[in-house]
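Protein chains: 2
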Amino acid sequence: MKLTDIFWPFRSDMNYIERELDRAIDTKESVLQKASSHLLKAGGKRIRPVFVLLGGKFGTYDIERLKLVAVPLELIHMATLVHDDVIDDAELRRGKMTVKSKWDNRIAMYTGDYILARALMMVAELPNPQIHKILSRAMVDLCIGEIEQIRDLNNWEQNLRHYLRRIKRKTALLIAISCQLGAIAADAPAYVVRQLYAYGYNVGMAFQITDDILDFTGSEQTLGKPAGSDLRQGNITLPALYAYHRSPDAARFRTLAEENRVDEMIQAIRQGEGIDVARRLANRYLARAAQALEGLPDNRSKDALLKIARFIGERQF
Amino acid sequence: MKLTDIFWPFRSDMNYIERELDRAIDTKESVLQKASSHLLKAGGKRIRPVFVLLGGKFGTYDIERLKLVAVPLELIHMATLVHDDVIDDAELRRGKMTVKSKWDNRIAMYTGDYILARALMMVAELPNPQIHKILSRAMVDLCIGEIEQIRDLNNWEQNLRHYLRRIKRKTALLIAISCQLGAIAADAPAYVVRQLYAYGYNVGMAFQITDDILDFTGSEQTLGKPAGSDLRQGNITLPALYAYHRSPDAARFRTLAEENRVDEMIQAIRQGEGIDVARRLANRYLARAAQALEGLPDNRSKDALLKIARFIGERQF
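Keeping their order, the protein sequence lines are chains A and B.
If you're matching positions, the first sequence starts at 47 in our numbering and goes up one per residue.
If you're matching positions, the second sequence starts at 47 in our numbering and goes up one per residue.
Derived by calculation from the structure, the hints in this document are not laboratory data.
Be aware that one or more of the hints could be misleading.
A pair holds if it fits inside one copy or across any two, identical chains being indistinguishable in the list.
[Claimed, not checked] 30 Å max Cα-Cα, derived DSBU-like pairs, lysine-lysine:
hint : residue 1 : residue 2
1    : Lys-80    : Lys-216
2    : Lys-74    : Lys-214
3    : Lys-348   : Lys-179
4    : Lys-179   : Lys-142
5    : Lys-271   : Lys-142
6    : Lys-348   : Lys-74
7    : Lys-148   : Lys-179
8    : Lys-142   : Lys-214
9    : Lys-91    : Lys-214
10   : Lys-214   : Lys-353
11   : Lys-148   : Lys-348
12   : Lys-179   : Lys-216
Using the sequences plus the hints, can you model the full thing?
Written as C-alpha cells, this is what we have:
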C-alpha cells in the first residue's frame with residue numbers, strides 16, 4: 047500500500063491545499079519568494095494537512111475553514127525544517143539542496159520566520175480562540191523540543207524518557223494537533239476531538255521512531271541523505287540508546303562511542319537488536335493509535351486513519 | 047528631559063509589565079530560561095509597551111487587557127533582536143554580550159523562536175480577531191524588512207525610498223501598531239485608533255533615522271558598540287546614502303566606498319552634511335507625529351506622546 051492510495055479519495059482537496067500553500071507564501075520580495083517556494087517544492091508528504099482533513103470528516107466538513115488550519119500547520123512544520131537545517135548545517139533535505147546551502151543561513155533564518163508569520167496570518171482568519179491557544183502552545187513546545195534536542199546532542203547519559211519527550215515535542219505533538227484542530231474546526235463533538243488527539247499523538251510517536259529506525263536501515267538513495275546522519279550529527283535516537291545502555295554488546299559499543307568511531311557504531315546498530323526493540327515500541331504506539339479510534343463512528347476517514355497507522359508500521363522509507 | 051520622567055505617571059503599570067515579561071518567558075528548560083532571561087535583563091527602553099499603555103488611555107484603560115498586547119509586542123521585538131544578532135554576528139548589544147556570543151547561534155535562533163511563540167500564546171488570550179490580523183501582518187512585514195535589509199547590504203545603488211521602506215518595516219511599523227493595538231484593546235473610537243497609528247508610524251520613522259544618525263555621531267560608550275557599526279556591517283543608512291549620492295564631496299566618497307575604506311568613510315560622514323539632512327528629515331516626521339495627535343482629546347497620555355516625540359528630536363543616545 048502507498049500513502050497516495052490512502053489519500054486518493056481526498057486528492058482534489060489536497061490539490062487545493064497545495065495551491066493554497068503556494069498562495070500563502072506569495073510575496074513580491076524575490077529572494078523570499080524563491081527560497082519559500084524552493085522549500086515548498088522540495089515536497090514532503092503533507093501529512094499534517096491530510097490529518098486535518100481527515101479530522102474534519104468527523105464534523106461539518108468545510109474545506110474553506112479546514113484550510114485555515116491545514117495550510118498553517120504545514121507552514122509551521124516547514125518553518126521548523128528551515129531552522130533545523132540552519133542548526134544542523136544540513137546541505138541536503140529529501141535529496142534537494144536546503145535553503146541554507148542554496149542561499150545562506152541568514153536567508154534561511156528569515157525564510158523560516160517569514161513562513162511562520164504567513165502561517166499566523168492565515169490562522170488569524172479563524173475566529174476560534176481555542177485554536178489559537180492550542181497552536182501557540184504547540185509552538186512553544188516545539189521550540190522547547192528543539193532546545194532539548196540541542197542539549198541532548200552527543201549526550202549518551204540520556205535515557206528512554208528523554209528520547210520519548212523529545213520526539214513528542216519534535217513530531218508527535220504537531221500531528222496530534224493536526225487531527226485535533228481539524229476536528230475542532232469542523233465542530234466535531236468533544237470526545238471525537240479527544241480521541242483524534244490521542245490517535246495523532248500515538249501515530250506521531252510511531253512515525254518518528256520509524257524515521258529514526260530508517261535513518262540507520264535506509265540507503266542514501268531512499269533517505270535523500272547519508273545513512274546514520276542522526277548519529278553523525280550527535281542526535282542519539284532509540285536504536286543508538288539501546289546499543290549503548292541495553293544491548294549485550296554494550297561494553298564494546300561504549301568504547302566505540304568514547305572514541306567517536308561513528309561508522310563502526312552505525313554498523314553495530316544496524317546489526318544489533320536495537321532496531322527490533324524500536325520497531326516493537328513503534329508498533330505499541332500504533333496499536334494505541336488504532337485503539338483511540340475504536341469508539342469513533344465508522345466512516346471513510348476512520349478507515350484512512352487506520353490505513354495510515356498500518357502504513358507507518360510497514361514503511362520502508 | 048529623560049524618558050523616565052515622561053513615563054513617571056505610568057511607572058507602576060510599567061513595573062507590572064516588566065514582571066509579566068518575566069513570567070511570559072518562564073520555562074523549566076534551563077538553557078532557554080537563561081538565554082531568554084539574559085535577553086530580557088539586557089534591558090531596552092520598553093518603548094513598545096509604553097506606547098500600548100499610552101494608546102490605552104484613549105479608551106477604557108484596563109491593564110489586564112492591555113498587557114496581553116504590550117507584553118507580546120515587546121517579546122516580538124526581542125525575538126527579532128536575537129535573530130538579528132545571529133545574522134549580524136554581533137557580539138555585543140547595549141554593551142552586553144548577545145545570546146549568540148554567550149551561548150551560540152543555534153541557541154539564539156531557538157530562543158528567538160521560543161520568545162515569539164510565547165508572545166503568540168499570550169496574544170491568543172485575546173478574543174479580538176482584528177488584533178490577531180494586525181499583529182500577524184506586521185510580523186510578515188518585519189520579516190520582509192529583514193530580508194530587504196540583507197538584500198540591500200553593501201548595495202550603494204539603493205535610493206532614499208529603499209531606505210525609508212526598510213526602516214518602516216524594521217522599526218516604524220511595530221511602534222505604529224503598538225499605539226494602534228493599545229487603543230483597540232481599550233475599545234477607543236476608530237478615528238483615535240487611526241490617528242495613533244499615524245503618530246506611531248511617524249515617531250517610529252524619526253526614531254530609526256535618529257538611531258542611524260547616532261550610530262555615526264555617538265561614542266562607543268554611549269552606543270554600547272563601536273561607532274559606525276552599521277556601515278561596517280554593510281548596512282547603508284541615510285547619512286551614508288547622502289554622502290554617496292548627494293554630498294558635494296560625493297566623488298571622493300565613492301572612491302572610498304569602492305576601495306571599502308570604512309574608517310575614512312565614517313569620518314567623512316561624521317563631518318559631512320548628511321547628518322543634518324537626516325536630522326531635518328527626522329524632524330519632519332516628528333512634526334507629522336505631533337500633527338496626528340491634534341484632533342485627539344487632551345489628556346495626560348497625549349501630553350506624554352508629545353513629550354516622547356520631542357525627546358526623540360533631542361536624544362543623544
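To see whether the hints hold, each was checked on the structure:
In the homo-oligomer, the alpha carbons of Lys-80 and Lys-216 lie at most 30 Å apart both inside one protomer (27 Å) and across protomers (21 Å), since each shortest distance falls under that limit. In this assembly of identical chains, the alpha carbons of Lys-74 and Lys-214 lie at most 30 Å apart only when taken from different copies (17 Å versus 37 Å within one copy). In this homomeric assembly, Lys-348 and Lys-179 come within 30 Å of each other (Cα to Cα) only inside a single copy, at 26 Å, whereas the closest approach across copies is 34 Å. Taking identical chains as interchangeable, the C-alpha atoms of Lys-179 and Lys-142 are never at most 30 Å apart, the minima being 34 Å within one chain and 34 Å between chains.
For the identical chains of this complex, Lys-271 and Lys-142 are intra-copy neighbours only, at 9 Å inside a copy versus 40 Å across copies, given an alpha-carbon limit of 30 Å. Taking the shortest Cα distances, Lys-348 and Lys-74 never come within 30 Å of each other, neither inside one copy (41 Å) nor across copies (38 Å). With identical chains, the CA atoms of Lys-148 and Lys-179 are never at most 30 Å apart, being 35 Å at best within one copy and 32 Å at best between copies. Taking identical chains as interchangeable, the C-alpha atoms of Lys-142 and Lys-214 lie at most 30 Å apart only when both belong to the same chain, with a minimum of 26 Å there against 36 Å between chains.
With identical chains, the CA atoms of Lys-91 and Lys-214 are at most 30 Å apart within one copy only, with a shortest distance of 19 Å there and 38 Å across copies. For a Cα distance limit of 30 Å, the shortest separation of Lys-214 from Lys-353 inside one copy, 22 Å, qualifies, whereas the shortest one across copies, 51 Å, does not. In this homomeric assembly, Lys-148 and Lys-348 never come within 30 Å of each other (Cα to Cα): the closest approach is 41 Å inside a single copy and 50 Å across copies. Proximity of Lys-179 and Lys-216 under a CA criterion of 30 Å is satisfied in both settings, with 18 Å inside one chain copy and 27 Å between copies.
Hints 4, 6, 7 and 11 from the earlier list are contradicted by this structure; the remaining hints agree with it.
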